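**Student:** Chains as they are written, first to last, in our numbering: chain A, 1 to 308; chain B, 309 to 810.
Keep in mind that the hints are not guaranteed to be accurate.
As the list claims (entries may be wrong) - Taking lysine-lysine pairs in the BS3-like style, the calculated list, with each CA pair at most 25 Å apart, reads:
#1 B:K599 / A:K150
#2 A:K179 / A:K155
#3 A:K88 / A:K166
#4 B:K470 / B:K769
#5 B:K546 / B:K769
#6 B:K470 / A:K155
#7 B:K443 / A:K215
#8 A:K282 / A:K239
#9 B:K546 / B:K592
#10 A:K107 / A:K240
#11 A:K240 / A:K275
#12 A:K107 / A:K140
#13 A:K155 / A:K135
#14 A:K135 / A:K179
#15 B:K769 / A:K135
#16 A:K240 / A:K304
#17 B:K800 / A:K191
#18 A:K66 / A:K217
#19 A:K150 / A:K191
#20 A:K191 / B:K599
#21 B:K592 / A:K155
#22 B:K443 / A:K135
#23 A:K155 / A:K117
#24 A:K109 / A:K140
#25 B:K470 / B:K550
#26 A:K217 / B:K443
#27 B:K443 / A:K140
#28 A:K117 / A:K261
#29 B:K769 / A:K179
Because the hints were derived from the structure by calculation, they are not lab data. Since we're looking at a predicted model, the values are computed, not measured.
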Amino acid sequence: MLNKSSNLRKVILGAVAGAFVAIGTTGAVAYPTKPVTFIVPYSPGGGSDQQARRLQPGLEKALGVKVRIVYKTGGGGAVGFSELWRSKNDGYTISNVVVPNIVITAKGKDVGFDPSKFSYIGMTARAVGALMVPKNSRFKSLDQFVKEAKANPGKITVAGVGSTGKMNMADLAGILGIKHAYVPVSGGVGKMIPMILGNHVDAAMTASSHATKHKAKLDTLAVAGPTPVATLPGIPNVKKWGYMTTWGVMAPPGTPADRIKVLNAALLKATADPKVRSMVEKNGLSPMRQTPAEAAAYVAAAVKKHSN
Amino acid sequence: MIEGLMQALSPGYFFYLTLGVLIGMFVGTLPGLTATMGTALLVPFTFALPTGEGIAMLGGLYVCAMFSDSIPACLVNTPGTPAAMATAFDGHPMVQQGRGQEAIVASCFSSTIGTVFGAGCYLVLAWPLIEIALKFGPPEFFWLGIFALTIIGSLAGDSILKGLAGGAIGLLISCVGISHGNELARFTFGVPELRGGVSLVAGLIGIFAIPQVLSMVTELRKKEFIAEYKPKGGETFKTIRKVVAHPLHLLRSSAIGSFIGILPGAGSPIAAIVSYNEAVRWSKDKSQYGKGDLRGVTASEIANNAAAPAAMIPLVTLGVPGSSPAAVIAGALMLRGLNPGPELFQSDGALVYSFGWALLFAGIVTFILGSLFAPLLVKIIRIPLRLLAPLIMLLATIGAYAIRNNIFDVYIMLGLGVFVFIVRRFGFHPGPIGLGLILGPIIEPSLIQALYISDAVGVGKVFFTGTINITLITLSILSVLFVIWTRRRDKKLQADGGERSN
Numbered sequence: 001m002l003n004k005s006s007n008l009r010k011v012i013l014g015a016v017a018g019a020f021v022a023i024g025t026t027g028a029v030a031y032p033t034k035p036v037t038f039i040v041p042y043s044p045g046g047g048s049d050q051q052a053r054r055l056q057p058g059l060e061k062a063l064g065v066k067v068r069i070v071y072k073t074g075g076g077g078a079v080g081f082s083e084l085w086r087s088k089n090d091g092y093t094i095s096n097v098v099v100p101n102i103v104i105t106a107k108g109k110d111v112g113f114d115p116s117k118f119s120y121i122g123m124t125a126r127a128v129g130a131l132m133v134p135k136n137s138r139f140k141s142l143d144q145f146v147k148e149a150k151a152n153p154g155k156i157t158v159a160g161v162g163s164t165g166k167m168n169m170a171d172l173a174g175i176l177g178i179k180h181a182y183v184p185v186s187g188g189v190g191k192m193i194p195m196i197l198g199n200h201v202d203a204a205m206t207a208s209s210h211a212t213k214h215k216a217k218l219d220t221l222a223v224a225g226p227t228p229v230a231t232l233p234g235i236p237n238v239k240k241w242g243y244m245t246t247w248g249v250m251a252p253p254g255t256p257a258d259r260i261k262v263l264n265a266a267l268l269k270a271t272a273d274p275k276v277r278s279m280v281e282k283n284g285l286s287p288m289r290q291t292p293a294e295a296a297a298y299v300a301a302a303v304k305k306h307s308n
Numbered sequence: 309m310i311e312g313l314m315q316a317l318s319p320g321y322f323f324y325l326t327l328g329v330l331i332g333m334f335v336g337t338l339p340g341l342t343a344t345m346g347t348a349l350l351v352p353f354t355f356a357l358p359t360g361e362g363i364a365m366l367g368g369l370y371v372c373a374m375f376s377d378s379i380p381a382c383l384v385n386t387p388g389t390p391a392a393m394a395t396a397f398d399g400h401p402m403v404q405q406g407r408g409q410e411a412i413v414a415s416c417f418s419s420t421i422g423t424v425f426g427a428g429c430y431l432v433l434a435w436p437l438i439e440i441a442l443k444f445g446p447p448e449f450f451w452l453g454i455f456a457l458t459i460i461g462s463l464a465g466d467s468i469l470k471g472l473a474g475g476a477i478g479l480l481i482s483c484v485g486i487s488h489g490n491e492l493a494r495f496t497f498g499v500p501e502l503r504g505g506v507s508l509v510a511g512l513i514g515i516f517a518i519p520q521v522l523s524m525v526t527e528l529r530k531k532e533f534i535a536e537y538k539p540k541g542g543e544t545f546k547t548i549r550k551v552v553a554h555p556l557h558l559l560r561s562s563a564i565g566s567f568i569g570i571l572p573g574a575g576s577p578i579a580a581i582v583s584y585n586e587a588v589r590w591s592k593d594k595s596q597y598g599k600g601d602l603r604g605v606t607a608s609e610i611a612n613n614a615a616a617p618a619a620m621i622p623l624v625t626l627g628v629p630g631s632s633p634a635a636v637i638a639g640a641l642m643l644r645g646l647n648p649g650p651e652l653f654q655s656d657g658a659l660v661y662s663f664g665w666a667l668l669f670a671g672i673v674t675f676i677l678g679s680l681f682a683p684l685l686v687k688i689i690r691i692p693l694r695l696l697a698p699l700i701m702l703l704a705t706i707g708a709y710a711i712r713n714n715i716f717d718v719y720i721m722l723g724l725g726v727f728v729f730i731v732r733r734f735g736f737h738p739g740p741i742g743l744g745l746i747l748g749p750i751i752e753p754s755l756i757q758a759l760y761i762s763d764a765v766g767v768g769k770v771f772f773t774g775t776i777n778i779t780l781i782t783l784s785i786l787s788v789l790f791v792i793w794t795r796r797r798d799k800k801l802q803a804d805g806g807e808r809s810n
C-alpha cells in the first residue's frame, strides 16, 4: 500500500514537472490536446479517402492525439470545402484538399469559399493525367488515336470526371490538334472504368494512379508531364501536357502559423514512413514533401493558371 | 476455392464474421446508419486483424445490414437503408395485421436465400456474369431506370395520375444541387447547403418516418399501439414453409437481385424495386400486394440481399466496386497494399474465395441471429404510441444528421416529411416519391452521358439499338400496357359487381 502510494506520488510529480517543462519550452498553450477532425470531402473508397486513411496512423502518432475522419460529401467536393471554410480555425479541424478540383469547382460559381485563402499544410502525393483505352481497342498507340480523330473530327468519345476532366481533355486535344466528343461522368473514376471496359466510350481521361491500378484490363496511350511514369513503363509522355492531380491537407483560413507548423511536421513524419511511401509508389503516385509556404504557393499557381 | 472454404471455416474467422453480422444488425436497424457508413466506421478496427478476417467482418456487416434494414421498414414503415423501401410496402401492412413475427422471420429467411444465391454467383459465375454486366452502358442504364419507374403502376393506389405525379416530384427533388457532369447549381435558391443536393437517406427518412410519426400523434386517441402482437410458438417454421411454397418466385427474385447487384452503380435499392415489380407482374393474384402480401416482402428482401455479395463481383473481376459498401471494402484492401481486381485472383486466390464463403456464411448466421431476435424485436410495436412516436422522431433526427454530419439534412427531412404527410391526405402514396428519389441519380447521369455519346454516334443508334436496349424498352412498354389493362379490367369488374348488388 505504502509502496503503491509513493509510486503514485512519483508519477504525479513527474507529470507536473513534465507539464512545466512543456510550458517552459513552447511558451504557448500546448497543442494539440484533444482529437483533431479530418474532413474528407469525397465518398469513402476514393483517392481522398485513401489519402486520409493512409496518413491517419502516422498523424496520430506524431500529434499524440486521435485523428477523427468525417465524410462531408457532395457538390464535387464543394460541400466539404465550404464546411472547412466555416470551421473554427484553431487547428483542430483540417481537411483533404485536391488540386485543381478545389480551384475548378470554385471558379465562377457560388460555392461559398475562396480556394486562395485557406491555410495549406502541405501536399502529399500527385498523379499525372493519363489517356486510357480498353485492351481490345482499335487504338494501339497515340499516333493511331490522333490519326483517326483527325479523319473523323468529333466522332471519338472520351469520358472524364466532370468539368475537371473536360478541361484536362481539352488541353490534350489542343496540343494534339484533334476534336473529340466529351462524355462527363459524375462520381469519380470508379464509375468510368466499366464504361470504358464495356466499350461504351472510345477512351477515358484519368490519372496515372488509376492507369496503374487497372493495368491488367486497360491500356494507356499517353501520360502527361516531362517524364514517363515509373509504374507505366513504355507509355509515352506528352511533354506539353501539364495536367496533374494533387492530394494534400489544409486548415481553415487564418489558422495560427505555429499550429500549422506542428501539423506540417506531423504530416512530413507520416509521409516519411516507409510503409506509407511504398503504398504511394505502388499506386502510381509520386510522393511530395512541402512546407506550408510551398503548399500555399502551389495552390496560388493553380488559381492563377485557371483564372483566365 | 476449397482452400478458401477451409480458411473461412476456421474458428477465429467465424468469430469475426459473426461479430460483423452482429454490428450489421445494429447498423441496419437504425435508419440513417447505412451499410456504407457502418463499413467505413468499422475499417480502422479491422486493421488489427489479418486481411481475411478483417474483410470477412466488413462483409458480414454488409450482408446483415441488408436484412436488418427491413426491421424498421416492417415495424414502423421506415426503411433502415434505402434498400428496404420496397420491403415496407407489404411488411408494414403485415405488422398492422398482427403478423409482425411472420414479416420479420420471412424477411430474415429471404435475406438468407438471397445472400446464399448471390454468394454462389460470386464463387462460381463471377467471370461469365461480369461479361454480361459490362454490356450495360449509359443508354442501357437509362432504360433500366425507366423500366424500374414502371413499378409506379403497381404502387400508385387509386389514381395512376397521382402515382406519376409522385414519381415526378421524387425525380425533381433528386435534381436539386450541383448537376452531374458540368457542375451547375440547380434549384438551390441561393442556399449554400442545397448545393450538395438532397441526401437520399435523409429524404427517405423524411418521406416515410415523419408522416408515420405525425399520424401516430393525430391518431393517439384512437389507438394505443401500432398493432396487436402475441409471440407464437412454431411461427418460424410455419413462415419458412410459406416462403418456400413459391420456388419460382424465390429463384426469380434471387436472379434479379444478383444480376442488378453486379451492375456497377445500381446496387441493392434498385434490385429490390425491380424484383418487387416483377413479383407483382408474375403473380396470378395481385390484389394483396401493398396490403400485406408475404411475397412482396420476400421479393424485396431476397433481391437486396442477393445484390450485396453480387456487388463484390465487379470488385474482384474488374477492380470496380458494384456498390458503396463494396467501395469501402475496396479501400480497406488497398490500405493493406492489395490491389482489388483480376490480379488478386492470381496473387491471393484463397482470400478472394474465402471472402465469397464468408458472405455465404454471413447469410446463414444472419438467419440464426435474426430468427432468435425476431420475437424480441417485434415487441417494439407494443411500445405505447406516446412513447414510440418521440423515439422514432429521435432516431430519424439522429439518422438524418449522421449520414453527412449536416444539420441541414435534418431540416430537409422534416420539410419533406410534413409535405408528404399533407399530400398523403389527397391520395398520394409516399412510394412513388421515394422511387423517384432513388432512381433520379441513375436515370439523370446516364441520360446525359448517352446524349453526349449521341453527339458523336447519333441518337437512334445510341438509344434504340442493341439487344439490351430493345429488351428494356419492350418490357417498359408492356409493363405500362399491362397496368392500363388490369386497371380497366378491375374497374369493369367493380362496375359489374356494383350492378349486380343493385
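**Student:** None of the hints should be skipped; say for each whether it holds.
**Tutor:** Hint-by-hint comparison with the structure:
About 61 Å separates the Cα atoms of K599 (chain B) and K150 (chain A), which puts this hinted pair outside 25 Å; it is violated. Only pairs whose Cα atoms come within 25 Å are accepted, and K179 (chain A) paired with K155 (chain A) is accepted, the gap being roughly 8 Å. Distance restraint check for K88 (chain A) and K166 (chain A): the Cα-Cα separation of roughly 35 Å exceeds the 25 Å cut-off, and the hinted pair is therefore not satisfied. For the hint linking K470 (chain B) to K769 (chain B), the alpha-carbon distance of about 34 Å lies beyond 25 Å, and the restraint is violated.
For the hint linking K546 (chain B) to K769 (chain B), the alpha-carbon distance of about 53 Å lies beyond 25 Å, and the restraint is violated. A C-alpha spacing of about 43 Å is found between K470 (chain B) and K155 (chain A), which places the hinted pair above 25 Å, so the restraint is violated. Of the pairs offered as hints, the one joining K443 (chain B) and K215 (chain A) holds, with about 21 Å between alpha carbons and a cut-off of 25 Å not exceeded. Pair hint K282 (chain A) plus K239 (chain A) holds up; C-alpha atoms about 23 Å apart against a cutoff of 25 Å.
A distance of roughly 23 Å separates the Cα atoms of K546 (chain B) and K592 (chain B); the hinted pair therefore holds under the 25 Å criterion. A C-alpha spacing of about 24 Å is found between K107 (chain A) and K240 (chain A), which places the hinted pair at or below 25 Å, so the restraint holds. For the suggested pair K240 (chain A) and K275 (chain A), the alpha carbons sit about 33 Å apart, so the restraint of at most 25 Å is broken. A distance of roughly 36 Å separates the Cα atoms of K107 (chain A) and K140 (chain A); the hinted pair therefore is violated under the 25 Å criterion.
Restraint check for K155 (chain A) and K135 (chain A): satisfied, since their Cα atoms lie roughly 20 Å apart, inside the 25 Å limit. About 23 Å separates the Cα atoms of K135 (chain A) and K179 (chain A), which keeps this hinted pair within 25 Å; it holds. Between K769 (chain B) and K135 (chain A) the CA atoms are separated by roughly 24 Å; this keeps the pair inside 25 Å, and the hint holds. At roughly 18 Å between alpha-carbon atoms, K240 (chain A) and K304 (chain A) fall within 25 Å of each other, so this suggested pair holds.
Straight-line distance between C-alpha atoms of K800 (chain B) and K191 (chain A) comes to about 48 Å, which puts the hinted pair past the 25 Å bound. Distance check on the hinted pair: K66 (chain A) and K217 (chain A) sit about 39 Å apart at the alpha-carbon level, beyond 25 Å; violated. Proposed proximity of K150 (chain A) and K191 (chain A) is contradicted: the alpha carbons are some 28 Å apart, above 25 Å. Restraint check for K191 (chain A) and K599 (chain B): the C-alpha separation of about 38 Å exceeds 25 Å, so the hint is violated.
Note on K592 (chain B) and K155 (chain A): the hinted pairing is violated, with a Cα-Cα distance of about 49 Å set against a maximum of 25 Å. Restraint check: the Cα-Cα separation between K443 (chain B) and K135 (chain A) comes to about 16 Å, which is no more than 25 Å; the hinted pair holds. Distance check on the hinted pair: K155 (chain A) and K117 (chain A) sit about 42 Å apart at the alpha-carbon level, beyond 25 Å; violated. At roughly 39 Å between alpha-carbon atoms, K109 (chain A) and K140 (chain A) are farther apart than 25 Å, so this suggested pair is violated.
Simply put, K470 (chain B) and K550 (chain B) have alpha-carbon atoms about 34 Å apart, too far for the 25 Å limit, and the pair is violated. With a CA separation close to 16 Å, the supplied pair K217 (chain A) and K443 (chain B) stays within the 25 Å bound. Annotation: proposed proximity of K443 (chain B) to K140 (chain A) holds, straight-line Cα distance about 22 Å (limit 25 Å). With a C-alpha separation of about 17 Å, the suggested pairing of K117 (chain A) with K261 (chain A) holds against the 25 Å cut-off.
This hinted pair checks out: K769 (chain B) and K179 (chain A) have alpha carbons roughly 21 Å apart, not beyond 25 Å.
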